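Novice: Protein sequences, first through last, are from chains A and B. According to my numbering, the first sequence holds residues 1 to 194 in order. According to my numbering, the second sequence holds residues 1001 to 1047 in order.
Check before you lean on any hint, since a few could be wrong.
As the list claims (entries may be wrong) - If you want the footprint, here are the derived chain B segments under chain A, 3+ residues with CB under 8 Å: (1) 1014-1026; (2) 1032-1043.
Said to hold, decoys possible - Partial list, derived from the structure: chain A residues whose beta carbon lies under 10 Å from chain B: (3) 20; (4) 23; (5) 24; (6) 27; (7) 28; (8) 34; (9) 35; (10) 36; (11) 45; (12) 46; (13) 48; (14) 49; (15) 50; (16) 53; (17) 60.
As the list claims (entries may be wrong) - Some chain A residues well away from chain B (every beta-carbon gap over 10 Å; in silico): (18) 77; (19) 118; (20) 126; (21) 140; (22) 151; (23) 155; (24) 179; (25) 192.
To be clear, the hints were calculated from the coordinates, so they are not data collected in a lab. What you are looking at is a predicted structure, and each value in this text was computed from that prediction instead of being measured. For glycine and all other residues, C-beta sits at the position ideal for the given N, C-alpha and C.
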Amino acid sequence: MANIQKSDALLVKDYVSGDESALATLIKRHESKIYGFIYSKIADRDVSNDIFQDTFIKVIKTLKTSSYNEEGKFLPWIMRIAHNLIIDHFRKSKKMPLYRETEEFSIFSIMSDDSLTIENKIIADQVEIDIRKIIEELPADQKEVLVMRMYQDMSFKEISELTGVSINTALGRMRYALMNMRKIIDKHQIVLTN
Amino acid sequence: MEKNYSKALKITKRMKPDKEVVSFLLNYSKALKIMKIEGKVFEIIVN
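Chain A with its partners taken away, still in its complex shape:
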């Protein structure tokens, strides 16, 4: 009964001195405000219980290490801890978004299998073979630049250094290579689509 009359500052002092019952009084006094505050942001009883528990674990550790400086602001201090833990919770849940199935939204609308079907794989392989054949038809200097650029992923600077021509010449050869490939495709009416 005597504890009810005591201020937060005195109860904190008692608790730091080893009186465990002071913590029970502090929790009883403020649990409704703190839990209500957490629940108002989280709207989930279980998560709110977890955050309430984590809040007081931090409080207990801070008080037991005697690193809390009592300035008559015990409740605002706990509220600040709870607030920070709520922010942490939202940060974590943002990284792992939760999708709920509703009438308007189906999880399967955003889940798709991007891998090729066997038929599409065969077509893609055939397109690749056709392109290789077309490249073989190009003049050697154009073929060289195109292969370095498209298959070896080299920059035009690297190509110019390796082939001993200027960057502009390499660019020009690439341009002519593409133009000639288009001509061959048109001439033979090759279909290169998947």
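Given chain A, put chain B in place with the hints provided.
Specialist: Okay, now just chain B, sitting in the frame of chain A:
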């Protein structure tokens, strides 16, 4: 986040945490001993 923060408050007056949570905290507090030795903090849980 914005949606969660702007959600209408569903709380009824005097919401409280589960009794198990409070009980856990009180037991945890009793079991926890923190010692500072040469600037290092040691946490000991006494069962």
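Novice: Grab the minimum C-beta distance from residue 60 (chain A) to chain B and call the hint holds if it beats 10 Å, violated otherwise.
Specialist: holds (5 Å)
Novice: Given a cut of 10 Å on the nearest C-beta pair, is the interface hint for residue 23 (chain A) held or broken against chain B?
Specialist: holds (5 Å)
Novice: If you take the shortest Cβ to Cβ gap from residue 34 (chain A) to chain B, is it below 10 Å?
Specialist: holds (8 Å)
Novice: Next item in the hint list is residue 48 (chain A). Is there a CB on chain B closer than 10 Å to its CB?
Specialist: Because about 7 Å separates residue 48 (chain A) from the closest Cβ in chain B, which is inside the 10 Å limit, the hint holds.
Novice: Mind checking the CB of residue 46 (chain A) against every CB in chain B and telling me if the closest is under 10 Å?
Specialist: Where the cut-off is 10 Å and the nearest Cβ of chain B is about 9 Å from residue 46 (chain A), the hint holds.
Novice: Under 10 Å is the threshold here; is the Cβ of residue 35 (chain A) close enough to any Cβ of chain B for the hint to stand?
Specialist: The hint holds - residue 35 (chain A) has a Cβ within 10 Å of chain B, the shortest such distance being about 5 Å.
Novice: For the restraint on residue 36 (chain A), tell me whether the closest CB of chain B is nearer than 10 Å.
Specialist: Holds - the Cβ of residue 36 (chain A) comes within 10 Å of chain B, reaching about 5 Å at its closest.
Novice: Just to be careful: measuring from the Cβ of residue 24 (chain A) to every Cβ in chain B, is the smallest value less than 10 Å?
Specialist: holds (6 Å)
Novice: Just want to verify: residue 126 (chain A) was marked as not at the interface with chain B; is every Cβ pair farther apart than 10 Å?
Specialist: holds (49 Å)
Novice: Classify the hint on residue 50 (chain A) as holds or violated, based on whether any CB of chain B lies nearer than 10 Å to its CB.
Specialist: holds (8 Å)
Novice: Any CB of chain B closer than 10 Å to the CB of residue 28 (chain A)?
Specialist: The hint holds - residue 28 (chain A) has a Cβ within 10 Å of chain B, the shortest such distance being about 8 Å.
Novice: Let's test the interface hint: is any C-beta of chain B closer than 10 Å to that of residue 27 (chain A)?
Specialist: Constraint on residue 27 (chain A) satisfied, holds at 6 Å.
The structure meets every hint from the earlier list without exception.
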